[in-house]
Amino acid sequence: MYDEIVARYFYKDVYSMNKINKHSSKILFVVFILFIILSISATYYKMLVLRDFVIINDVALEVDNTQEE
Amino acid sequence: MEIIYCPWEPATNLFSSSNVPLLIHYSHFIALFSAMAIALLVFLNNPKETVSRLFLLFSTLFSVWALLDIVLWATNDPAIVMFSWAMQVLIEPLTFAVAFFLFFFHLYKKFPKFSINLGIVLLLTPLVLFLPTQINLESLLLSACESVEGPIAKYYTYFLNVLFMASIIILGIRKLPKITSPKQKNSSTLFFFGLLTFLLAFTSGNIISSFTDDWTISQYGLFGMPIFASIMAYSIVRHSAFRIQVAGAQILVVTLAVFVGSLLFVETELMRLVAAPTFIFSLAAGFLLVRSVRQEFIQKNQLEELTTQLEKANVRLKAVDKQKSEFVSIASHQLRSPLTAIRGYASLLREESFGKLPPKAIEPIQRIEESSKLMALAIEDYLNVSRIESGNMKYHLSDFNLRDETEHVCDDMRADAIKHGLVILFRTHLSSTGIIHADIGKTIQIVQNLIHNAVKYTQEGTITVVVRDDRQRKKIFVDVTDTGIGMSQDTIHALFQKFSRAENANSVNILGTGLGLYVADKMAEAMGGDIEAYSQGDGKGSRFTLTMPLEM
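Which chain is which? The protein sequence lines are H and V, in order. Residue numbering for the first sequence follows the working numbering, starting at 1 and increasing by one per position. Residue numbering for the second sequence follows the working numbering, starting at 1 and increasing by one per position.
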């Protein structure tokens, strides 16, 4: 009943409501894809350009240990 | 700043290095090429279908993931490892999300409602948001050249994978039993299991590897991918009901090409020399195979379409013919009743039952009587056609002497023939008694019709009726030979069809419906006999022969 009233007075008919629903999903996905592209770009810039990440150099430690021996 | 590398030689062309086990190339390249090839085939066969598009997206995501995995094994650059690892963390749950949409669309032919879409996007948001941060990947362990996974990579992605798989299972359990069409149910069930096994093979190896830190396990899961992708492709193709044979041939060819093609990447120089021509040969043979299958498919389709049209047309024709027969039957009955009254009163008038007629009225009344008699005969023909075609003609079979009955008919019709200036001669050449087993009334009607026609189409001369038999063939014949207008061979061929009349019939001003011979022939056929016509040509007379089975 409520849905019907909403459909009739706010969206004119159910068809328009479906259309609005379809469009909002489309907008949602487009925004989300842009968000993903932004995040990938940020990761690319951080990892490959800035090389900004922690390296646990256990190889060096092993080498050092060998030298000490 | 000095760049630190992992302790092995750098990768050549991103994918090859001494660090990559041979098995990785086999498991990954075959899986990703097959998945992409199958998805592309499905997509190209029906690019407008949303399921085809989603399947392509799904396979592309998986293939990118597999490609990144090879890069991860090959490279010794920590930056490439960190970036590729992060991308894999993002792509894996995205593949599962697309799998969910793919299955939803396959079942419902529409996307989920906005609230579900929003929920999925919100679930994926932390993953995207924290992708470049240490919450996703904490650090890189140089000795193994592996990322140390943070909470997002280690727990959240796998939580999402399990969540999407559970949603797919719930969807399947809820919707699959409700599908009524058996074809669609089989296709959807096949798709459901293909997708689930694909996702299970995809995620199980990674989850185990993530927690045991032994990443060699993850490569085994990918071996099943071509099979699972083929199952899904098959169900999509079957579901969309297009070119199964063509798609099947294409998949076969592509799989063969992928297997041979993958040898080019991984084996020794000598193997490549053997693999390269084999690859080219398999591509060429495959092209020819696909082309011939496609042609055959198109022809088969056209043939099926034409057969269906023909069947429909046939059914329609039969219905129309039946309606026509019913119409003729009803109309003829309606016509016959008033005609009987006309004939009766005309006859009474002519016999002066209502008083003496003025001399001028006698001829018109005779005409009324003759015309109504002709009309009654025509109506009788229509009724007989209607009865024959509706299968309602009744035959009361009994033994009788055809010779005697034919002679009676000749005697009866002789007076009419004399009126036309013709002579009817009756002859017999019998070695048997001339007994046949048939409907006496119908047989007399046939003989009458043949003699009546002979009288109609002969302007002068004689009509000879001969009854003869052939004991060996157990047949008896009634030949009606006239010296009339004759017929061409073309006319003879069309003579026993409905509404067929001799081409020169109008030249001798003869009335008729063109149904008499058709009815006579059908009656003779129904009693095991037939009628044949012979003529030397126009103006050379005709002979009609009624053949009936002889009772010995």
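Quick caveat, the hints were computed from the structure, so don't treat them as lab data. Quick caveat: nothing in here was measured; it's all calculated off a predicted structure. You may find that some hints are simply not true.
Said to hold, decoys possible - If you want the footprint, here are the derived chain H segments under chain V, 3+ residues with CB under 8 Å:
(1) 28-41
(2) 46-59
As the list claims (entries may be wrong) - The following label-pair restraints were derived from C-beta to C-beta distances:
(3) ARG294/V with ASN57/H: 56 to 62 Å
(4) ARG316/V with VAL30/H: 15 to 21 Å
(5) THR50/V with ILE56/H: 56 to 62 Å
(6) VAL30/H with GLU2/V: 39 to 45 Å
(7) SER17/V with ILE33/H: 31 to 37 Å
(8) ILE33/H with ALA166/V: 21 to 27 Å
(9) HIS23/H with ILE173/V: 29 to 35 Å
(10) GLU9/V with LEU28/H: 15 to 21 Å
(11) ILE56/H with THR189/V: 46 to 52 Å
(12) ILE173/V with ASN57/H: 49 to 55 Å
Idealized CB from N, CA, C, for every residue including glycine.
request  = Taking the numbered hints from earlier one at a time, note which ones the structure violates and give those numbers from smallest to largest.
outcome  = 4, 5, 10
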